[in-house]
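Visitor: Please put together the full structure from these sequences, using the hints given.
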Amino acid sequence: MAGGKDAKELWQQDVRRIARGIRRRVAEHVLLNGGGYLSQACSSAEIFSVLYARVMNLAPVEKPLVPAPFGGVPSEKNLSYRTGGYFNGAPSAGADRFFLSPSQYSLVLYAALVETGRMAPEGLLQFNGDGSSVEMIGAEHSPGMEIMSGSLGQGISQAAGIAMARKRRGESGRVWLFMSDGEFQIGQTWEALQAMAWHNLDNMGIFIDANGYQCDGSVASVMNIEPLDRRLDAFGAAVVKVNGHDADALAEAAAQIGGGRPLAVICATCPWQGLEILKERDPRFHYVRFSSEEERLRYKQAISSAFQ
Amino acid sequence: MKLLSKVHAKNLMRWAKDKPNVLALSADLTSSTEIDLFRDAYPDRFISMGIAEQNMMSFAGGLAREGFFPFVHTFAVFIYRRAYDQIAMSVSYPNLPVRMFGFLPGITTPGGATHQAIEDIAVMRALPNMTILECGDATDVETVLDAAHSLRGPVYVRMLRGEIPRLFPQNEPLVLNTARQLSNGGDITLFSSGICTEEAMRATPLLREKGVSIKHLHVSTLKPFNDPLVTEAIASAKHGVITMENHSVIGGLGTCVAEVMAAGGMGKKLVKIGLQDTYVHGASRAYLMKEYNLDAMALIAAVERMLDTRFGLTGDEIAASPAVPRHSDARPEAL
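Heads up: the sequence lines are chains A and B, in that order.
Sequence positions in the first sequence follow the working numbering and run -15 to 292.
Sequence positions in the second sequence follow the working numbering and run 15 to 349.
Derived by calculation from the structure, the hints in this document are not laboratory data.
Think of the CB as a built atom: it goes at the ideal place given N, C-alpha and C, for glycine as much as any other residue.
Treat the hints with care, as some may be off.
Quick look at which bits of chain A chain B covers, simulated, 3 or more residues with Cβ under 8 Å [claimed, not checked]:
(1) 112 to 120
(2) 123 to 134
(3) 142 to 154
(4) 166 to 175
(5) 179 to 192
Reference listing, derived: stretches of chain B covered by chain A, where coverage requires no fewer than 3 residues with Cβ under 8 Å from a Cβ of chain A [to be verified]:
(6) 103 to 112
(7) 191 to 204
(8) 319 to 326
Guide: The structure is reproduced here in structure tokens:
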């Protein structure tokens, strides 16, 4: 990466600040609402922060945006419809594009947008509120989103179609996709990977939050996906495995995009990273819901001491 | 009237010449869906997606978001049964201009139940933003592209291939949401779609000779379904309405007509000719049309029941009907 030691320290500091902010905002939100997708924030905070602060070339927004209310679904009659892509800045041939595949991570994305100055903090207060576009499992009108990806496995194919379109037009901007490891149980994911390789879509990079857990428990106990690196390699991807909490390693992996094969970065992560108390829930991390007031208070204590 | 061959193949190649953003997507059925001439003429705009329809459909959504017009070609069954969630969320929800060409609808394939799209209209019609068109002859096939391409949202076309009769004048294109009136009459109103129109056209002249006047409309737009010609035709029927379709009687043309009738408070008797809530098996088109009562004789029988009479028409008389060409000389549909 560019820059001397000082520059590197600066962006890494920035990444650490953003990642910490993502965890804090999501944790506070979970406390406030009595539940939520908390482990996803813990495992993926560095991935989001490195993508937004270091890797992606996105146009800035003038000032932190307040999400517009839900503006209706797309239709012939809905002429003012727009997606939530404007949170990622004005599109251009040279700008990158970001797509979130598992929309269950929406709160993490929203928190990342707040921490990177793209969304006003009050936007998070609209989360899961009736009539709000800041939905729990976000849709294409939600902040930072522009495709329908909540039905898992469809995000990669749509992003690949966009990557092909951009390549056909000779655009230099790249397509970045965030995925979860559970999605590698889905047939469509592998259909998409074989098509990406076949059509030489090396302008696309995938960051996989390999936290090892899914709704029912550990991925290994639900349906084996290993060896994921060798599977991805066999399907034609350029595969890099990194510690998903190591900002430097994440950024270096991203720099390998464009080498003739689509890039897949397997980010080994921990679902309780930065919030040790979550470890006691093993293996049920998918959605944190407090079973008692006593439990909520214990979490409140742990969260406030973690983010003092 | 005559039979034509490879109508779509030749037409698409000509039509797409000056449309650089039109891409043809194939799932390993390139010749079978008549995009081989397009592939050879514009190899850069032909995108091979392999036997992977779910990815193909979401991928098409991605291309369409960026200003391309994916023309997805495969057998009808593999569009809606294999990739329904992908159509719903990657294409239809965002109202994207993906054009889906579903070949071998209903009993037009000898491929058996796995290949026979018998409820595609029913399920696709339930998707918001979706437009559904069905071709009944060579003129429909040649002009459906302009009709489909005039829409901003997704379109599903029940397409014909191989040898196709020309039933309608070449200079009268398929018009969105507008039925073609093929005969006028006040006794019975008949709505037919797809290949059933050809069958109906064999029977209606014979019925006229027997003194039954039939208002016959060929319907090519299944969604939206609010053509004023249809409403007027229902209202004018003296004895009742008959629908005739190469599809299940649940959720297709017959259901569309029933809905219009009920909403308009038009209490007409309705007979739905079509697949009577059954799967089908692999055999020739002519055999299946007879076995499942989708042919001209089935229409005559329905009219007889509606009027409580018998005309004594024989299969030979129907076969000799001059209205439409005989398919018996045509090559059977291969896969």
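Visitor: Given as covered by chain B, does the region 112 to 120 of chain A meet the bar of three residues or more with CB within less than 8 Å?
Guide: violated (count 0)
Visitor: Report holds or violated for chain B covering the region 123 to 134 of chain A, Cβ cut-off 8 Å, minimum 3 residues.
Guide: The restraint on the region 123 to 134 of chain A holds, since 5 of its residues have a Cβ under 8 Å from chain B and three suffice.
Visitor: For the region 179 to 192 of chain A, do three or more residues have a beta carbon lying closer than 8 Å to a beta carbon of chain B?
Guide: holds (count 3)
Visitor: Mind taking a look at whether chain A covers the region 103 to 112 of chain B? Criterion is 3 or more residues with CB to CB distance under 8 Å.
Guide: holds (count 5)
Visitor: Verify this for me: three or more residues of the region 166 to 175 of chain A with a beta carbon less than 8 Å from a beta carbon of chain B.
Guide: holds (count 3)
Visitor: Counting residues of the region 191 to 204 of chain B with a beta carbon closer than 8 Å to any beta carbon of chain A, are there 3 or more?
Guide: violated (count 0)
Visitor: Please verify the coverage claim for the region 142 to 154 of chain A: does it have three or more residues whose C-beta sits within 8 Å of some C-beta in chain B?
Guide: holds (count 11)
Visitor: How does the coverage statement for the region 319 to 326 of chain B fare against chain A, requiring three or more residues with Cβ below 8 Å from a Cβ of that chain?
Guide: violated (count 0)
Going down the numbered hints, you'll see the structure goes against 1, 7 and 8, while the others check out.
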